[in-house]
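A.B. asks: Chains A, B, C and D are the protein sequences, given in the same order. Position one of the first sequence corresponds to residue 31 (this note's numbering), numbered consecutively onward. Position one of the second sequence corresponds to residue 31 (this note's numbering), numbered consecutively onward. Position one of the third sequence corresponds to residue 31 (this note's numbering), numbered consecutively onward. Position one of the fourth sequence corresponds to residue 31 (this note's numbering), numbered consecutively onward.
It is worth saying that the hints were derived from the structure and are not from the lab. A portion of the hints provided could be inaccurate.
Any copy, or any two copies together, can satisfy a pair, since identical chains are not distinguished.
Straight-line alpha carbon distances no greater than 16 Å define the calculated EDC-like cross-link-like pairs of lysine to aspartate or glutamate that follow [unchecked claim]:
no., residue 1, residue 2
1, K75, D98
2, K200, E234
3, K204, E225
4, K75, E97
5, K204, D56
6, K137, D237
7, K192, E240
8, K203, E240
9, K204, E229
10, K75, D56
11, K137, E122
12, K281, D160
13, K137, D179
14, K200, D185
15, K204, D185
16, K203, D185
17, K203, E234
18, K281, E266
19, K203, E227
A quick note: this is a predicted structure, and the numbers were derived from the prediction, not measured.
4 protein chains.
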Amino acid sequence: MIQMTLIQIDNYGPWTVTPRPRNESDLQILQAELYADLQRQIAMKKGLVFYTRFDNLLAITNGLNHEDHLRIQRSIKNRYPFTISMGVGAAETPHEAQKKATMALQKEGGAQSSERKQILAVDSLVDPEDSFVQVAHIDINSVTETLTDIESAFDTNFMVNKAQHYLMTKLIKKGALLFFIGGDNFMAPCNGLSEQEIEDILVEINDEIEIGLKAGIGRGRNAEDAAYMADLGLEEIRDHNNDMWTYVIEKEY
Amino acid sequence: MIQMTLIQIDNYGPWTVTPRPRNESDLQILQAELYADLQRQIAMKKGLVFYTRFDNLLAITNGLNHEDHLRIQRSIKNRYPFTISMGVGAAETPHEAQKKATMALQKEGGAQSSERKQILAVDSLVDPEDSFVQVAHIDINSVTETLTDIESAFDTNFMVNKAQHYLMTKLIKKGALLFFIGGDNFMAPCNGLSEQEIEDILVEINDEIEIGLKAGIGRGRNAEDAAYMADLGLEEIRDHNNDMWTYVIEKEY
Amino acid sequence: MIQMTLIQIDNYGPWTVTPRPRNESDLQILQAELYADLQRQIAMKKGLVFYTRFDNLLAITNGLNHEDHLRIQRSIKNRYPFTISMGVGAAETPHEAQKKATMALQKEGGAQSSERKQILAVDSLVDPEDSFVQVAHIDINSVTETLTDIESAFDTNFMVNKAQHYLMTKLIKKGALLFFIGGDNFMAPCNGLSEQEIEDILVEINDEIEIGLKAGIGRGRNAEDAAYMADLGLEEIRDHNNDMWTYVIEKEY
Amino acid sequence: MIQMTLIQIDNYGPWTVTPRPRNESDLQILQAELYADLQRQIAMKKGLVFYTRFDNLLAITNGLNHEDHLRIQRSIKNRYPFTISMGVGAAETPHEAQKKATMALQKEGGAQSSERKQILAVDSLVDPEDSFVQVAHIDINSVTETLTDIESAFDTNFMVNKAQHYLMTKLIKKGALLFFIGGDNFMAPCNGLSEQEIEDILVEINDEIEIGLKAGIGRGRNAEDAAYMADLGLEEIRDHNNDMWTYVIEKEY
Numbered sequence: 031m032i033q034m035t036l037i038q039i040d041n042y043g044p045w046t047v048t049p050r051p052r053n054e055s056d057l058q059i060l061q062a063e064l065y066a067d068l069q070r071q072i073a074m075k076k077g078l079v080f081y082t083r084f085d086n087l088l089a090i091t092n093g094l095n096h097e098d099h100l101r102i103q104r105s106i107k108n109r110y111p112f113t114i115s116m117g118v119g120a121a122e123t124p125h126e127a128q129k130k131a132t133m134a135l136q137k138e139g140g141a142q143s144s145e146r147k148q149i150l151a152v153d154s155l156v157d158p159e160d161s162f163v164q165v166a167h168i169d170i171n172s173v174t175e176t177l178t179d180i181e182s183a184f185d186t187n188f189m190v191n192k193a194q195h196y197l198m199t200k201l202i203k204k205g206a207l208l209f210f211i212g213g214d215n216f217m218a219p220c221n222g223l224s225e226q227e228i229e230d231i232l233v234e235i236n237d238e239i240e241i242g243l244k245a246g247i248g249r250g251r252n253a254e255d256a257a258y259m260a261d262l263g264l265e266e267i268r269d270h271n272n273d274m275w276t277y278v279i280e281k282e283y
Numbered sequence: 031m032i033q034m035t036l037i038q039i040d041n042y043g044p045w046t047v048t049p050r051p052r053n054e055s056d057l058q059i060l061q062a063e064l065y066a067d068l069q070r071q072i073a074m075k076k077g078l079v080f081y082t083r084f085d086n087l088l089a090i091t092n093g094l095n096h097e098d099h100l101r102i103q104r105s106i107k108n109r110y111p112f113t114i115s116m117g118v119g120a121a122e123t124p125h126e127a128q129k130k131a132t133m134a135l136q137k138e139g140g141a142q143s144s145e146r147k148q149i150l151a152v153d154s155l156v157d158p159e160d161s162f163v164q165v166a167h168i169d170i171n172s173v174t175e176t177l178t179d180i181e182s183a184f185d186t187n188f189m190v191n192k193a194q195h196y197l198m199t200k201l202i203k204k205g206a207l208l209f210f211i212g213g214d215n216f217m218a219p220c221n222g223l224s225e226q227e228i229e230d231i232l233v234e235i236n237d238e239i240e241i242g243l244k245a246g247i248g249r250g251r252n253a254e255d256a257a258y259m260a261d262l263g264l265e266e267i268r269d270h271n272n273d274m275w276t277y278v279i280e281k282e283y
Numbered sequence: 031m032i033q034m035t036l037i038q039i040d041n042y043g044p045w046t047v048t049p050r051p052r053n054e055s056d057l058q059i060l061q062a063e064l065y066a067d068l069q070r071q072i073a074m075k076k077g078l079v080f081y082t083r084f085d086n087l088l089a090i091t092n093g094l095n096h097e098d099h100l101r102i103q104r105s106i107k108n109r110y111p112f113t114i115s116m117g118v119g120a121a122e123t124p125h126e127a128q129k130k131a132t133m134a135l136q137k138e139g140g141a142q143s144s145e146r147k148q149i150l151a152v153d154s155l156v157d158p159e160d161s162f163v164q165v166a167h168i169d170i171n172s173v174t175e176t177l178t179d180i181e182s183a184f185d186t187n188f189m190v191n192k193a194q195h196y197l198m199t200k201l202i203k204k205g206a207l208l209f210f211i212g213g214d215n216f217m218a219p220c221n222g223l224s225e226q227e228i229e230d231i232l233v234e235i236n237d238e239i240e241i242g243l244k245a246g247i248g249r250g251r252n253a254e255d256a257a258y259m260a261d262l263g264l265e266e267i268r269d270h271n272n273d274m275w276t277y278v279i280e281k282e283y
Numbered sequence: 031m032i033q034m035t036l037i038q039i040d041n042y043g044p045w046t047v048t049p050r051p052r053n054e055s056d057l058q059i060l061q062a063e064l065y066a067d068l069q070r071q072i073a074m075k076k077g078l079v080f081y082t083r084f085d086n087l088l089a090i091t092n093g094l095n096h097e098d099h100l101r102i103q104r105s106i107k108n109r110y111p112f113t114i115s116m117g118v119g120a121a122e123t124p125h126e127a128q129k130k131a132t133m134a135l136q137k138e139g140g141a142q143s144s145e146r147k148q149i150l151a152v153d154s155l156v157d158p159e160d161s162f163v164q165v166a167h168i169d170i171n172s173v174t175e176t177l178t179d180i181e182s183a184f185d186t187n188f189m190v191n192k193a194q195h196y197l198m199t200k201l202i203k204k205g206a207l208l209f210f211i212g213g214d215n216f217m218a219p220c221n222g223l224s225e226q227e228i229e230d231i232l233v234e235i236n237d238e239i240e241i242g243l244k245a246g247i248g249r250g251r252n253a254e255d256a257a258y259m260a261d262l263g264l265e266e267i268r269d270h271n272n273d274m275w276t277y278v279i280e281k282e283y
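With the hints as extra help, turn the sequences into a complete structure.
C.D. replies: Structure below.
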């Protein structure tokens, strides 16, 4: 089972324009620093957080318990001009887990309610013996040679965004998620998806928009281990001159 | 004229997997902190940087000269495990400006060349008297009520990404760019686009995918002023219960 | 027993002036961020790090094992332009513990050896059942009224530094350490010191240089718990109008 | 003339213990990040800030005008859980400048007044044509060989602190200031002090406590230039095997 946490800045939208719009650069710095900060804290327990929408962040949190979440909330309250609320859910698929996490939090009040502050709404946590995470680290074949060093920076960015949109559209139907993690890299939490299903998606995208992708697929007890196995899988494919679509590695304990 | 800078981490891809893949959480923290750091430095001169692909970042840099760019490069070299190269271009449209910036940098060597280090490749700079930036701050109408508080966090994220993809596709054809800036917010550098052209794009998207958007459009001598005018434009539309598609404000000096 | 870790930037001095002196502001930012970063990581395991000399930092690390230390070293290597080495020692007094930690590291090579890189030299670790930390949180009575709001900022700073120097001189003889933690606050790791011994030191300083101090003394299984108990002790003294020199609180588990 | 700014966190002391003491590690992270952040902003205008007491920071701000100070205050307000107030003063000596800065701010209310928020109190600013900064970069001769690699980390720290205390005591009488900047390094803003006066202080300290010091002395129009010249001066002394006490370099424009 995978455990996911939704992290939401309380009443952030109104705050950004009160009493008048805050400087955009300050908001960008604040959002990026909050993300880096949460990542550092969650990573200490081998979880992984994705910036998502920056004011709403999704994290794989297998290995983080109730107290770990409270600790992060307190730490943010002590150092930022706002508080964060969290919802936590566990399920067989990442989509179901984040849905439970979202619903648990929504029950406690709206994201722009001025009353809801620093809520921790736990729907469910994963037991250590059931803890399992599968992620696919997907990247674009030869992006530097075919895009970065040839196309304009924004056109390359557009192609990467296009790949992301197609990947998201297909993965969400299978109960998997997809996050952009920089460069030409995506990470898809995908418990429950078979290697063949992932390959099929990559083949379809290649046919539809002619963007060649590959996926290292990693499995482990937590996000950190799974992501590292996925990285090693990707290296395997590179060592074989990208002549495979996917490569699965499962962490041995 | 708008001036744009492409910031590229030198030889980043190979570095992330040498001697073996680096911890994903460390890379995420590093990328977010680099972005926050660049934003802080560029904002001191009233520019604005977008995280773009994190290892390739585009910035509006009207007001930053040759020495300002060098200073930022030195500062990064002193504090990070890598260096950054930059290309700078000025043009009538943002797309043309970033294209010139990209080409100037590409001439100096590839992004994954181990020889190219800390290059500053200036195609052109904007003269103070010609400095002009137009940006549109675009958001989704009532996103909290219609998405955040109702849908699952990832489904909302998916809708926002969908809006982004459609916006990018349409704006790029007009020489404009689009960047996601968090929440349900996008920023489009769009010198040369008329208010009507922007409205047309928003109307088309509403017809095609039923996502209601609005755009505050700001104009000024630099990115900071233009972005702030755009924010005020957005506030105007909110004050009118979102019954306009766009609102333009030009900064008076 | 208390466990202390010495964290040392490898070959830092030479790096700061190669090939020519690096910008002082960059070095200051780098040092402060490294400290904040280490604090965040060590605090996740309830340890506490003091900035000490910034390139040599001492931390109370009861609760951090071998792997926790390695993890922090890797994380720093991935994000900074240098590496860090560490020595770890456990003893009955803080002074003895940091001495063991220092000697373990010194055996592996000099701080400015270009060969010594990312060493973890463990002399000894505290067993969970023996883990005990005592810290005193010391501050100056009524510093805002008697100094900050009356004297010039530097003269106040000078008085605080004077108090620090006197405290250090007296505590070091008793096997205790002292660190400045901002404002008018000091933290003294002081396992083995009795309440009376601490009071005697405060009385002596009052007699010698007429600076009135008080000390909340906290005891717990780790630095975080001990520091929090010390804070509560300080609040107790404030509630009694500073009419006691010390107040001890021991954490109950 | 030198211009100095006092930066003070508004009502910080009470905030740190309301409603109960905040986690010490959070406060340490917050203070270090605030310092790094201010340094980055002030450095963009070639000023230099010293962490001083962390909640009260002194900066050399030649080159920063009224608007530059306001901009920094707004930026901090947008990203931190508190605001900062500032006092600014210009004078022939650093001590006099920071005294004017302090008095200007003290007139606006106490550091722990809950009413005083984000005040900018300008006593005086330096005109560009009068702008002049002299700083001495002082370090301990052969600290690695004689202390770091031989003594325990805290004992070395104690010796460095002792040198600091003696330096401060002597410099303050001459209208100069002294700040610890990490390692075995100190920086003394010292407009008005002759090279001979500085040498005399170093000789006295060598006689009194047997700590050998040297000083690179730099002069320029702003803190950055002066500090860099001081660094080059220090390199000159090292190139001469530390057989001089001081070396002065003045920046040519």
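A.B. asks: All hints, please: hold or fail.
C.D. replies: Comparing the hints with the structure gives:
Taking the shortest Cα distances, K75 and D98 sit within 16 Å of each other both inside one copy (9 Å) and across copies (11 Å). In this homomeric assembly, K200 and E234 come within 16 Å of each other (Cα to Cα) only inside a single copy, at 9 Å, whereas the closest approach across copies is 24 Å. For the homomeric pair K204 and E225, the shortest alpha-carbon distance inside one copy (13 Å) is at most 16 Å, but the shortest distance between copies (40 Å) is not. In this assembly of identical chains, K75 and E97 lie within 16 Å of each other by CA distance both inside one copy and across copies; the values are 12 Å within and 13 Å between.
With identical chains, the CA atoms of K204 and D56 are never at most 16 Å apart, being 38 Å at best within one copy and 29 Å at best between copies. Within a single copy, K137 and D237 get their C-alpha atoms no closer than 43 Å, and across copies no closer than 32 Å, so neither meets the 16 Å cut-off. For a Cα distance limit of 16 Å, the shortest separation of K192 from E240 inside one copy, 11 Å, qualifies, whereas the shortest one across copies, 20 Å, does not. In the homo-oligomer, the alpha carbons of K203 and E240 never lie at most 16 Å apart, since the shortest distance is 21 Å inside one protomer and 20 Å across protomers.
Taking the shortest alpha-carbon separations for K204 and E229, only the intra-copy value of 13 Å comes in at or below 16 Å, while the best inter-copy value is 36 Å. In the homo-oligomer, the alpha carbons of K75 and D56 lie at most 16 Å apart only across protomers (13 Å), although the nearest pairing inside one protomer, at 29 Å, exceeds that limit. Proximity of K137 to E122 under the C-alpha cut-off of 16 Å is found in neither arrangement, the shortest distances being 22 Å within a copy and 50 Å between copies. For a Cα distance limit of 16 Å, the shortest separation of K281 from D160 inside one copy, 15 Å, qualifies, whereas the shortest one across copies, 34 Å, does not.
Taking CA atoms no more than 16 Å apart as the test, K137 paired with D179 passes between copies only; the shortest distance there is 9 Å, against 49 Å inside one copy. Within a single copy, K200 and D185 get their C-alpha atoms only as close as 23 Å, which misses the 16 Å cut-off; across copies the closest is 13 Å, which meets it. For a Cα distance limit of 16 Å, the shortest separation of K204 from D185 across copies, 13 Å, qualifies, whereas the shortest one inside one copy, 29 Å, does not. When the C-alpha separation of K203 and D185 is checked against a cutoff of 16 Å, the pair qualifies only between copies, where the shortest distance is 11 Å, while the shortest distance within a copy is 28 Å.
Taking the closest pair of Cα atoms, K203 and E234 come within 16 Å of each other only inside a single copy of the chain (14 Å); across copies the shortest separation is 26 Å, beyond that limit. In this homomeric assembly, K281 and E266 come within 16 Å of each other (Cα to Cα) only inside a single copy, at 15 Å, whereas the closest approach across copies is 52 Å. With identical chains, the CA atoms of K203 and E227 are at most 16 Å apart within one copy only, with a shortest distance of 11 Å there and 35 Å across copies.
Against the hints set out earlier in the document, violations occur for numbers 5, 6, 8 and 11.
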